[in-house]
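2 protein chains.
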Amino acid sequence: MTRVFNFSAGPATLPEPVLRQAADEMLDWRGSGMSVMEMSHRGKEFIAIHAEAEQLLRELMGVPANYKVLFLQGGAIGENAIVPMNMLRGRSSADYIDTGEWSKKSIKEAKKYCKVNVAASSEEGGYVRVPKQDTWKLDKDAAYVHICSNETIGGVEYHWTPDTGEVPLVADMSSNFISRPIDVSRYGLIYAGTQKNVGPAGVTIVIVRDDLIGQALPITPSAFDYKIQADNDSMFNTPPTYTIYMAGLVFNWIKAQGGLNAIEANNRKKAAVLYDHLETTSFFYNPVAREDRSLMNVPFKLRDESLDDAFLKGAQARGMVQLKGHRSVGGMRASIYNAMPIEGVVALVDYMKEFEASHG
Amino acid sequence: MTRVFNFSAGPATLPEPVLRQAADEMLDWRGSGMSVMEMSHRGKEFIAIHAEAEQLLRELMGVPANYKVLFLQGGAIGENAIVPMNMLRGRSSADYIDTGEWSKKSIKEAKKYCKVNVAASSEEGGYVRVPKQDTWKLDKDAAYVHICSNETIGGVEYHWTPDTGEVPLVADMSSNFISRPIDVSRYGLIYAGTQKNVGPAGVTIVIVRDDLIGQALPITPSAFDYKIQADNDSMFNTPPTYTIYMAGLVFNWIKAQGGLNAIEANNRKKAAVLYDHLETTSFFYNPVAREDRSLMNVPFKLRDESLDDAFLKGAQARGMVQLKGHRSVGGMRASIYNAMPIEGVVALVDYMKEFEASHG
Numbered sequence: 001m002t003r004v005f006n007f008s009a010g011p012a013t014l015p016e017p018v019l020r021q022a023a024d025e026m027l028d029w030r031g032s033g034m035s036v037m038e039m040s041h042r043g044k045e046f047i048a049i050h051a052e053a054e055q056l057l058r059e060l061m062g063v064p065a066n067y068k069v070l071f072l073q074g075g076a077i078g079e080n081a082i083v084p085m086n087m088l089r090g091r092s093s094a095d096y097i098d099t100g101e102w103s104k105k106s107i108k109e110a111k112k113y114c115k116v117n118v119a120a121s122s123e124e125g126g127y128v129r130v131p132k133q134d135t136w137k138l139d140k141d142a143a144y145v146h147i148c149s150n151e152t153i154g155g156v157e158y159h160w161t162p163d164t165g166e167v168p169l170v171a172d173m174s175s176n177f178i179s180r181p182i183d184v185s186r187y188g189l190i191y192a193g194t195q196k197n198v199g200p201a202g203v204t205i206v207i208v209r210d211d212l213i214g215q216a217l218p219i220t221p222s223a224f225d226y227k228i229q230a231d232n233d234s235m236f237n238t239p240p241t242y243t244i245y246m247a248g249l250v251f252n253w254i255k256a257q258g259g260l261n262a263i264e265a266n267n268r269k270k271a272a273v274l275y276d277h278l279e280t281t282s283f284f285y286n287p288v289a290r291e292d293r294s295l296m297n298v299p300f301k302l303r304d305e306s307l308d309d310a311f312l313k314g315a316q317a318r319g320m321v322q323l324k325g326h327r328s329v330g331g332m333r334a335s336i337y338n339a340m341p342i343e344g345v346v347a348l349v350d351y352m353k354e355f356e357a358s359h360g
Numbered sequence: 001m002t003r004v005f006n007f008s009a010g011p012a013t014l015p016e017p018v019l020r021q022a023a024d025e026m027l028d029w030r031g032s033g034m035s036v037m038e039m040s041h042r043g044k045e046f047i048a049i050h051a052e053a054e055q056l057l058r059e060l061m062g063v064p065a066n067y068k069v070l071f072l073q074g075g076a077i078g079e080n081a082i083v084p085m086n087m088l089r090g091r092s093s094a095d096y097i098d099t100g101e102w103s104k105k106s107i108k109e110a111k112k113y114c115k116v117n118v119a120a121s122s123e124e125g126g127y128v129r130v131p132k133q134d135t136w137k138l139d140k141d142a143a144y145v146h147i148c149s150n151e152t153i154g155g156v157e158y159h160w161t162p163d164t165g166e167v168p169l170v171a172d173m174s175s176n177f178i179s180r181p182i183d184v185s186r187y188g189l190i191y192a193g194t195q196k197n198v199g200p201a202g203v204t205i206v207i208v209r210d211d212l213i214g215q216a217l218p219i220t221p222s223a224f225d226y227k228i229q230a231d232n233d234s235m236f237n238t239p240p241t242y243t244i245y246m247a248g249l250v251f252n253w254i255k256a257q258g259g260l261n262a263i264e265a266n267n268r269k270k271a272a273v274l275y276d277h278l279e280t281t282s283f284f285y286n287p288v289a290r291e292d293r294s295l296m297n298v299p300f301k302l303r304d305e306s307l308d309d310a311f312l313k314g315a316q317a318r319g320m321v322q323l324k325g326h327r328s329v330g331g332m333r334a335s336i337y338n339a340m341p342i343e344g345v346v347a348l349v350d351y352m353k354e355f356e357a358s359h360g
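Chains as they are written, first to last, in UniProt numbering: chain X, 1 to 360; chain W, 1 to 360.
Please keep in mind that the hints were generated in silico from the structure rather than gathered at the bench.
Keep in mind that the hints are not guaranteed to be accurate.
Unchecked claim - Derived DSSO-like pairs: lysine-lysine, alpha-carbon spacing no greater than 27 Å straight-line:
id	chain 1	residue 1	chain 2	residue 2
1	X	K105	W	K227
2	X	K108	W	K112
3	X	K104	X	K132
4	W	K115	W	K137
5	W	K115	W	K140
6	W	K227	X	K104
7	X	K111	W	K111
What the hints assert, rightly or not - Which residues of chain X face chain W? A few of them, derived with a C-beta cut under 7 Å, are:
id	residue
8	T2
9	L27
10	Y242
From the three backbone atoms N, C-alpha and C, an ideal C-beta is built for every residue, glycine too.
So here's chain X without its partners, still in its complex pose:
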């Protein structure tokens, strides 16, 4: 068996010890005689797995007691509808900050349910920065302010937390969730698909301040009503049990690494290896403003796009896969989530140097 370095933007590489444990426990979870996949979600075994996953996440992120942690379905694209359904709370409009492809998707979907005020946008200039907060035109009557904390396609990340006063801040954190410590109390709601830093695809984690729920629109499907799910420990419908189990294993792995402080330090080190190299070459380039560069997704282009295919083919031959950029922007993208070892980033930079030397 040879494992590759997998730079996929999601679903993405997972810690090898986590996969080994999952394989070991596949037919018999700790003497239960069952796979976790086979367990009733109402049985004591799975209830313990679910509770441990939630507890670990609360501990890692320091989630305050007045926040609910929900394990739902439908991904961030589902949440783009589910958030306004739940969070309008009798108001008719919401503020959105537009920083790229994922913000645009959120805005388009929200317009089905409310008036959307795009309070700031970095579209001009091609989405290469986060608009400074002093340029945001916020509406004090907005139901919430929505940001995408890390644009997976554009590689643009917030390295600061917006101040939205009394208006709740809502963040799509899908691609930088649990990549570093944050102050949860600054947010009204955080949501994230699991398939980047948490585990397999199929769970959406929602962390929401409890005073904000309970006023969903009447058209909200019960399975996506935060209050109903909170009152039922995310088990109003059958939860994606195995994915929650995998998430718990990943949370345990993060804790064993030293928690989110240690994870952040490692992520900064990995990103520096790649961005530092991009500073030294004009053969490759990354267009994002330096202070807004993502620690998770590093898009870069070859100045000579005719070499793209050769670059990807060579990478594949060296055991580095999924480096092709998103189809909407082209070029390359290295996603270097928590579980990507630094050896993968070093190997990529070594290959970039080698490729430049032979094609530059």
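For chain X, the structure is supplied; the task is to place chain W on it using the hints.
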């Protein structure tokens, strides 16, 4: 390792060879150097896995070419809302047949989106039968007629296909999906959560006639719009990739068993072992009308309910778990899905006889 006989109603027991294969392939799927969990849903490896799962399901069920097969999220409880959102098609009401707890949930949720006509109900008498079709009061202008083809809690199953004329028949088949051959062309839409006969929880399979989609209500979340998902091969949002892979392994296992004819023969044999015994004893009883008894979920009660705990404890000691009936009805329930070996049912009946002999 000792595997138990797991009678859970879902998530439920899976074929052991499928679990072994999943464990074997966990760290490296067929030389790809990746777990299936780690694969981009846009990569060639996962696209092949997804296409194979769909193709196998089409083959097993004989799905006609003019039907879309979708792999979505949210379970049957999610579909209870998503079905009317998609299937009203400009009409204002839908007919529902009420055969128990799951029908009632569907009816309650549908009322958020349309007028619901309960065209027949077996509530009187305690949900122990399927109402005969000649008693149904169908509305020819209804958008669709909804049935629950197998009531997981009540153990009541349709052993015939309703004739709804020009009005599309919609079936929640969660708990008897792929348990026997059916004529898909008699249905407008079939939906099923995967956590009974298909695999782990987290995928909802929707099979829908293609002329019925494309008229979703404007409030339908894009992730749950059948047309949008059909146009995107169920990848408008990131699909629950690993669960789809597991479903494919289960479909392959069914094919290796001889397909749905062989599966049905085996399911009938297993159910007969249990129901035949229930006919011979008055210590235990099943209240369901003989012709409507479920082949999948067999609820039964002890005449003397004070012995329930002793019965369950003895079963557990003999490696038989999850026999406790649904909390809403009490008693016992043996779910004997495709993957439950006949040895499990025989062991259960042996234990029932032994228990009766010592407590009768």
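Verification of the supplied hints:
no. : hint             : verdict
1   : X/K105 to W/K227 : holds, 18 Å
2   : X/K108 to W/K112 : holds, 24 Å
3   : X/K104 to X/K132 : holds, 18 Å
4   : W/K115 to W/K137 : holds, 15 Å
5   : W/K115 to W/K140 : holds, 14 Å
6   : W/K227 to X/K104 : holds, 21 Å
7   : X/K111 to W/K111 : holds, 24 Å
8   : T2               : holds, 6 Å
9   : L27              : holds, 5 Å
10  : Y242             : holds, 4 Å
When each numbered hint is compared with the structure, no violation occurs for any of them.
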